[in-house]
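Participant: Sequence:
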Amino acid sequence: MTALLNEFLSSSSAWGVLLTLAAFALGTLINKVTGKAVFNPLLLGSIFVIILLSVLKISYADYKVSAAPVSYLLLPATISLAIPLYEKWDLLKENAAAIIAGISVGTLVSLGSALALAVAMDLTREQYVTLLPKSVTTAISMDVAAELGGIAALTGAIVILTGIAGNLLAETVCKVFHITDPIAKGVGIGTSAHAVGTSKALQMGEVEGAMSGLSIAVAGVLTAVLCPVFVNFIG
Numbered sequence: 019m020t021a022l023l024n025e026f027l028s029s030s031s032a033w034g035v036l037l038t039l040a041a042f043a044l045g046t047l048i049n050k051v052t053g054k055a056v057f058n059p060l061l062l063g064s065i066f067v068i069i070l071l072s073v074l075k076i077s078y079a080d081y082k083v084s085a086a087p088v089s090y091l092l093l094p095a096t097i098s099l100a101i102p103l104y105e106k107w108d109l110l111k112e113n114a115a116a117i118i119a120g121i122s123v124g125t126l127v128s129l130g131s132a133l134a135l136a137v138a139m140d141l142t143r144e145q146y147v148t149l150l151p152k153s154v155t156t157a158i159s160m161d162v163a164a165e166l167g168g169i170a171a172l173t174g175a176i177v178i179l180t181g182i183a184g185n186l187l188a189e190t191v192c193k194v195f196h197i198t199d200p201i202a203k204g205v206g207i208g209t210s211a212h213a214v215g216t217s218k219a220l221q222m223g224e225v226e227g228a229m230s231g232l233s234i235a236v237a238g239v240l241t242a243v244l245c246p247v248f249v250n251f252i253g
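Residue numbering for the sequence shown follows our numbering, beginning at 19 and increasing consecutively.
It is worth saying that the hints were derived from the structure and are not from the lab.
All values reported here derive from a predicted model rather than from experimental measurement.
For every residue, glycine included, the Cβ atom is placed at its ideal position computed from N, Cα and C.
Watch out, some of these pointers could steer you wrong.
[Unchecked claim] Calculated lysine-lysine pairs in the DSS-like style (CA-CA distance at most 30 Å, straight line): (1) 193 <-> 82; (2) 54 <-> 111; (3) 82 <-> 111; (4) 193 <-> 50.
[Unchecked claim] Distance ranges between label pairs, derived from CB positions: (5) 90 <-> 247: 28 to 36 Å; (6) 126 <-> 104: 26 to 34 Å; (7) 74 <-> 105: 24 to 32 Å; (8) 44 <-> 95: 35 to 43 Å; (9) 43 <-> 193: 14 to 22 Å; (10) 111 <-> 32: 25 to 33 Å; (11) 138 <-> 97: 32 to 40 Å; (12) 111 <-> 40: 40 to 48 Å; (13) 118 <-> 195: 46 to 54 Å; (14) 194 <-> 87: 38 to 46 Å; (15) 135 <-> 243: 16 to 24 Å.
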């Protein structure tokens with residue numbers, strides 16, 4: 019059985035892509051059947067892949083190489099979020115100052131919370147750097163973490179979990195804190211939960227989705243600029 023599996027994996031360069039798509043499709047099916055937000059397709063898909071790789075004793079390195087085409091789509095998928103933003107361009111110009119201020123404050127809070135966790139939990143510099151860019155898309159966060167001496171793969175996992183948490187809690191947080199303005203909702207979700215959270219913002223409304231998409235880009239740039247500064251706060 020093991021020999022047959024190894025032969026299949028060595029002869030197929032796309033098995034990682036197929037596994038990724040199948041796991042996500044299964045997670046989506048479960049989410050639709052149960053109707054429960056907690057059964058997030060991305061979360062379930064990740065769990066399915068981890069379990070399968072563990073049971074079949076397939077290394078993550080082999081899976082990563084085979085699933086690379088999926089990763090290549092991350093950047094164009096993120097860029098495509100500019101489409102709803104373009105459709106709401108007039109709204110953006112009217113509220114530009116408030117939007118930029120909101121994203122800036124949100125980015126500072128994100129970096130500050132990572133610093134607070136690092137101090138409270140006595141994290142090493144490497145662990146702190148790995149955690150620091152947790153709220154921006156993996157296309158930026160993993161590069162920032164690697165450049166500053168963190169563990170890029172672990173940063174990617176943290177970013178995904180942050181996005182899933184934001185996706186699940188977005189509507190609840192807005193209700194608890196009585197956030198009703200669609201621009202404020204979008205800015206908050208995009209700044210704190212990047213692309214995964216933006217998928218929820220798009221479900222909430224066109225304005226929320228557009229502002230969330232903008233927040234991903236601006237928060238990503240600000241995080242890349244500010245991370246080297248925040249790294250110096252822990253020796």
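Participant: Please go over all the hints and tell whether each is borne out by the structure.
Facilitator: Results for each hint:
1. For a cut-off of 30 Å, the pair hint linking residue 193 to residue 82 is broken: about 39 Å separates their Cα positions.
2. Under the criterion of a C-alpha separation no larger than 30 Å, the hint pairing residue 54 with residue 111 is inconsistent with the structure, at around 37 Å.
3. Simply put, residue 82 and residue 111 have alpha-carbon atoms about 41 Å apart, too far for the 30 Å limit, and the pair is violated.
4. This hinted pair checks out: residue 193 and residue 50 have alpha carbons roughly 24 Å apart, not beyond 30 Å.
5. Roughly 31 Å separates the CB atoms of residue 90 and residue 247, a value that falls within the hinted 28 to 36 Å.
6. Distance hint for residue 126 and residue 104: a CB-CB separation of about 28 Å, consistent with the stated range 26 to 34 Å.
7. At roughly 45 Å, the beta carbons of residue 74 and residue 105 sit outside the given window of 24 to 32 Å.
8. The hinted window of 35 to 43 Å between residue 44 and residue 95 is violated, with their beta carbons roughly 21 Å apart.
9. Checking the proposed 14 to 22 Å range against residue 43 and residue 193 shows it is violated: the Cβ atoms sit about 31 Å from each other.
10. At about 44 Å, the beta-carbon gap between residue 111 and residue 32 misses the expected band of 25 to 33 Å.
11. Checking the proposed 32 to 40 Å range against residue 138 and residue 97 shows it holds: the Cβ atoms sit about 37 Å from each other.
12. Checking the proposed 40 to 48 Å range against residue 111 and residue 40 shows it holds: the Cβ atoms sit about 44 Å from each other.
13. Checked against the hint of 46 to 54 Å, the pair residue 118 and residue 195 fails, with Cβ atoms roughly 21 Å apart.
14. One distance hint, 38 to 46 Å for the beta-carbon pair residue 194 and residue 87, holds here, with the actual separation near 40 Å.
15. The given range of 16 to 24 Å is respected by residue 135 and residue 243, whose C-beta atoms sit roughly 21 Å from each other.
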